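So you can see what is in the structure, the chains are spelled out below.
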Amino acid sequence: MSEVTGAVARARLALPARLVEGGRAYFWVAAAIAVVPAISADPYFIHILILSMMHAALVSSWNLLTGYAGLFSFGHQAFFGLGAYVSALMAMRLGLSPWLTLFAGGVVAAGAGLLIALPCLRLRAPPYIAIATLGFAEICRFVATNLVGLTRGELGLWGIPEMTALTVPGVGTLSFTGQRVPYFYLMLGLWVAIMALLYRLIRSPFGLALKSVRDSQDAAESLGVDITRTKVAAFVISAFLAGLVGSFYAHYVLILTPSAVLSVGVMVEIVAMTLVGGLGTFLGPTLGAFTLTLMLEYLRALGEYRLLIYGALLIVIILFMPEGAVQRLLPRRARF
Amino acid sequence: MIEQLFNGLVSGAVYALMASGLSLIWGTLKMLNFAHGEFYMLGGFGVYLGLLLAGFSPLLAVPLAMLGAGVVGIVAGRLVIHPLLDQPGWDVSPVIATLGLSILFQNLALHLWGERFKNIPYYIEGGVDLLGIRMAWQRVLIVAVTVVMIAVVVIALRRTWWGRALRATAQDRDAAMLAGINVYAVYLWTMGLAAALAALAAAMLAPIYSVNPWMGTALLLKAFIVCVLGGLGSLGGAILGGILLGTTESLTVILWSSEWKDVVAFVLLILVLWVRPAGLLGTREW
Numbered sequence: 001m002s003e004v005t006g007a008v009a010r011a012r013l014a015l016p017a018r019l020v021e022g023g024r025a026y027f028w029v030a031a032a033i034a035v036v037p038a039i040s041a042d043p044y045f046i047h048i049l050i051l052s053m054m055h056a057a058l059v060s061s062w063n064l065l066t067g068y069a070g071l072f073s074f075g076h077q078a079f080f081g082l083g084a085y086v087s088a089l090m091a092m093r094l095g096l097s098p099w100l101t102l103f104a105g106g107v108v109a110a111g112a113g114l115l116i117a118l119p120c121l122r123l124r125a126p127p128y129i130a131i132a133t134l135g136f137a138e139i140c141r142f143v144a145t146n147l148v149g150l151t152r153g154e155l156g157l158w159g160i161p162e163m164t165a166l167t168v169p170g171v172g173t174l175s176f177t178g179q180r181v182p183y184f185y186l187m188l189g190l191w192v193a194i195m196a197l198l199y200r201l202i203r204s205p206f207g208l209a210l211k212s213v214r215d216s217q218d219a220a221e222s223l224g225v226d227i228t229r230t231k232v233a234a235f236v237i238s239a240f241l242a243g244l245v246g247s248f249y250a251h252y253v254l255i256l257t258p259s260a261v262l263s264v265g266v267m268v269e270i271v272a273m274t275l276v277g278g279l280g281t282f283l284g285p286t287l288g289a290f291t292l293t294l295m296l297e298y299l300r301a302l303g304e305y306r307l308l309i310y311g312a313l314l315i316v317i318i319l320f321m322p323e324g325a326v327q328r329l330l331p332r333r334a335r336f
Numbered sequence: 001m002i003e004q005l006f007n008g009l010v011s012g013a014v015y016a017l018m019a020s021g022l023s024l025i026w027g028t029l030k031m032l033n034f035a036h037g038e039f040y041m042l043g044g045f046g047v048y049l050g051l052l053l054a055g056f057s058p059l060l061a062v063p064l065a066m067l068g069a070g071v072v073g074i075v076a077g078r079l080v081i082h083p084l085l086d087q088p089g090w091d092v093s094p095v096i097a098t099l100g101l102s103i104l105f106q107n108l109a110l111h112l113w114g115e116r117f118k119n120i121p122y123y124i125e126g127g128v129d130l131l132g133i134r135m136a137w138q139r140v141l142i143v144a145v146t147v148v149m150i151a152v153v154v155i156a157l158r159r160t161w162w163g164r165a166l167r168a169t170a171q172d173r174d175a176a177m178l179a180g181i182n183v184y185a186v187y188l189w190t191m192g193l194a195a196a197l198a199a200l201a202a203a204m205l206a207p208i209y210s211v212n213p214w215m216g217t218a219l220l221l222k223a224f225i226v227c228v229l230g231g232l233g234s235l236g237g238a239i240l241g242g243i244l245l246g247t248t249e250s251l252t253v254i255l256w257s258s259e260w261k262d263v264v265a266f267v268l269l270i271l272v273l274w275v276r277p278a279g280l281l282g283t284r285e286w
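Protein chains in written order, with our numbering: chain A, 1 to 336; chain B, 1 to 286.
In case anyone wonders, no lab produced these hints; they're calculated from the structure.
Because the structure is a prediction, the values reported are computed rather than measured.
All residues carry an ideal CB built from backbone N, CA and C; glycine is no exception.
It is possible that part of the hints are untrue.
[Claimed, not checked] If you want the footprint, here are the derived chain B segments under chain A, 3+ residues with CB under 8 Å:
hint, segment
1, 105-111
2, 191-200
[To be verified] Looking from chain A toward chain B, a few residues come up when the C-beta cut is under 8 Å (computed):
hint, residue
3, PRO119
4, ARG122
5, PRO127
6, ILE131
7, GLY135
8, VAL143
9, PHE176
10, GLY178
11, VAL271
12, LEU275
13, ALA301
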């Protein structure tokens, strides 16, 4: 932990605050990451970077719902897992191109988001929303486990097709079969697109509406914010993005089990990454996702003590630095 | 058929024990305890250690397990929940803190006692023939112990000074403080009592299932459903909801299949939240 935070602290000294500020920091980070495959051909490192970007995108989509709109969803794994299963099954059983099913997974997840948004509209207390969304996610997990004929249940759905070759004008044909680097650039593209979209959303009047619903529903309503529409939109957008990331996961990892993509464990990781980075901040989820993913991969030596440390980390952070561990090390102007 | 319904009553009783603890915590502290499943798990291991390692009789091992879990509940409350009280973000912070506790306890148990499932002998062997079906004494015992325990809690809440202090804190925390009640002490005792109730549930169920580090996870989710069915914060609701969920599950097994009973339970949860978020007995009634 100290090594990672130390690195962040050094980065802070090296970068003028102007560059870290706001969303621009993202494009510097993305540009820095984009050149990694040119420097290091280590497939393991590339793999970890793909996972980090995937987590960053997933956690940011949850952050829109929970950090900005204040809707304490505890069932984000439902959207991620639904996207993964829908995209994989459509590509396998209907023979559709993964490029198409990638978005189909997102759309189905968005539909699920709409469905679970409806009972949540009446609920104001965050714990109630947490229970409702958690219940929904558990339904998805049990259905995926029980429909053995369709999903093979806990035996695992394998034989998911990889992304099909893509012809890029000027570059040539990109084949994804057994390759990491094309997946790396696909995830980078998805991640940058998702972050750009979220950045625009949060800065827009819709973003202000989200924050007003979070801070005071009554005040928001009296100022003419359409609370129902705002909440439903937050659920649908957040679910779509999570479903998109889930679809990518399916065609990258190529095997799905309900306990890997639909269990509460996914949610625990999302919460932990957000907390490490800082809830309701734009940079927080990304910092948390990269910190925890890199840390957990390179601290494999800890082996079975990993989860023990995970639990302790959650408690320590919520007790002593609820605004996020990494956020503390950044200049105040970069926090927003 | 009758046997299935009786089994539903047995699981309903266990759900009620779990849910009443959760509901007490919700009623006084206004928080969800995600570590409740682990209080249950610790109770299971407590009984296992007392019975099989120390060689105590169940009459000694079960109360000791409850006491142990109660102490863990109080200590966890003091160390983790107490510092978060009166801080901003109380809506979310205890959920995350108890989630951390839950992961911590599960993995501590894994390291201390291993992942092998531990079996515990029945407290009473044999069974009784009633209404044309054979009921194991162990299952009859679960229902009886639950009824007695909940009656004791209800009487204690109504008659003792401590119970009145708890109810006063639940109704209006500031007024209770003005009346000279140390609400922070009440919070800790509530955590302890809830943990002891969960441990009792585990102690009674352990001979039928087995003891392992993950035994609390599924039951915690069921207890959430029960609390919402009955109305969070209502003790009567927790009992009613427990019986309702247990019966619904056994009816699902009779009419459909046992694999889908959990799906039915969670669909029921979302329907109740949609139609009547306050639950069946949404008014606080202790």
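Taking the hints in turn, this is what the structure says about them:
no., hint, result
1, 105-111, "holds (count 6)"
2, 191-200, "violated (count 0)"
3, PRO119, "4 Å, holds"
4, ARG122, "6 Å, holds"
5, PRO127, "4 Å, holds"
6, ILE131, "5 Å, holds"
7, GLY135, "4 Å, holds"
8, VAL143, "6 Å, holds"
9, PHE176, "36 Å, violated"
10, GLY178, "35 Å, violated"
11, VAL271, "6 Å, holds"
12, LEU275, "7 Å, holds"
13, ALA301, "16 Å, violated"
The earlier numbered hints that this structure contradicts are 2, 9, 10 and 13.
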